[in-house]
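Asker: Given the coordinates of chain A, work out where chain B should sit on it, guided by the hints.
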Amino acid sequence: MTKTVMVEARGVRKSFGSNEVLKGISLEVKQGEVMCLLGPSGSGKSTFLRCINHLETIDGGRIYVDGDLIGYRQVGDVLHEMHPSAIAKQRRGIGMVFQRFNLFPHLTAIQNVMEAPVGVSRKTKSEALQAAQSLLAKVGLADKAEHYPSQLSGGQQQRVAIARALAMEPSLMLFDEPTSALDPELVGDVLDVMRDLAKSGMTMIVVTHEIGFAREVADQVVFMDAGVVVEQGTPSQVLDNPQHPRTQAFLNSVL
Amino acid sequence: MTQPSLNGEHDIVAKPLKHPWRLVFALILVAILGAFIWSLVTAETIDHAMIFKYLFNKDILSGAWLTIVLTALSMLIATILATILAVMKLSQNPLLRIISTGYIEFFRGTPLLLQIVFWGYLGIIYPTLSIGIPFTDIVFVQGQTSQLISAFSAGLIALSLNEAAYAAEIVRAGILSVDSGQAEAAKSLGMSSTYTMRRIVLPQAMRVILPPMGNETISMLKSTSLLASVAVMELYTQAQKISAQNLAQIELLVVAGFWYLVMNTVLSFPQRWLEKRFGRGFGPGVSGRILKVRRDAK
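Chains as they are written, first to last, in the numbering used here: chain A, 1069 to 1323; chain B, 764 to 1061.
Because the hints were derived from the structure by calculation, they are not lab data.
To give a feel for the contact side, a few chain B residues facing chain A, derived at Cβ under 10 Å:
1) 945
2) 947
3) 949
4) 958
For every residue, glycine included, the Cβ atom is placed at its ideal position computed from N, Cα and C.
If we strip away everything but chain A, and leave its shape as in the complex, we get:
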């Protein structure tokens, strides 16, 4: 049985001014797979993640999610910029979780989860409410539904953010250092939720510094440095038996 390809990146390039941060990234994630991106800060891993849902535009290469070219329409050999509404539509199938949560502070936890299903997917309020309640229960926060983000701990906020992204029923989830802004004792709860999500068959790309999580959950581990993929393979290949000296040096510094 061959699994379908969920994300395909081909020679992705991206520069900020004269600084080229992605120098031709080619990666493939199959449906139901979890890929962990590791690398020192400034290696381009977060930028690459943001390119996948077109929060950053790319200068070269192609990114396909579920077979669709992201951000552009290709007619023959010519690329056309997509209309913002078409890009918004593409993003609905891609959930994203941010390092700094980015919950909407003026809305309660349950309102945060319901906002997009009601406003964007045109679900009825009662339908969205039910879905939101079960999502909050899934991340262990059923009793915090009426709390505002400012009344929740960082770990709780991040779990609400995961529920908010899941409410759009995405086929792909992107995690941008989801535990880096958390106090150490709160990291575990968030990783537990992500582990459950991976078990349920969600396709996930996770930028992280949690080597333990990568070893346990990832199907593929990718080590990036200075805008290129240095090494990739199964967790045991990359984490336990790294071939490249830069990977070895990085793992030594974080372990």
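Answerer: For chain B alone, kept in the frame of chain A given last:
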């Protein structure tokens, strides 16, 4: 000597720090204020009976009412226009940015009084106004400017358009104060930029927009007095009209000043309510609401 118990809730009983100078300054202030009021009360140049006679005069009250109507309407129109201008100025579209910047520069760059008089005299520049297709003879509606635009509407237009320019910068500052991560999160959920602005960014911007807009409202309430120059019968015009007949200028200024002060004081209540309403989820006010939710649940 008995040891104070350390497990009590109020085990600190200390003599409060003394602030003797606060009292001294307060007494000096009271003395100055008292002397000033006394000088007014005893002044023989002021006819106190005249003040009380006109305080609740029918024309004065109708003028005050018109001032309220003008302030409310012009602030409403200005706020809507300002929001559109602010979003335009932050737009990716260079044409919209230029239009918005030009508008703001023009209306902030000329005196309000000049603008009011201009709108009042519009009929002299354009004796007739018409809606049709430019450079053709096709005209759908046409009318005399003086009949289409009354003194009231000229005043309202002048105040609204001028205020919109100032308020646009306040709204823009409010929008810029919202963390860019908010719009990013909204985008990642598939929200359009219009939806993001309306449901995510503007409600948060309100926290920053409201205090200076309260200022603008107070300023607007007083600026309506400039409409005296185009004969809109608001509070100041009414007071002037009366004093032109009975020559009690100072007394009627006191009457008008009294009502301006009363109206502005009352304005602070809706302001406080709005600030509380849009402050939800921010700062210490939040916990009260949660307790209420819990109580309601029981």
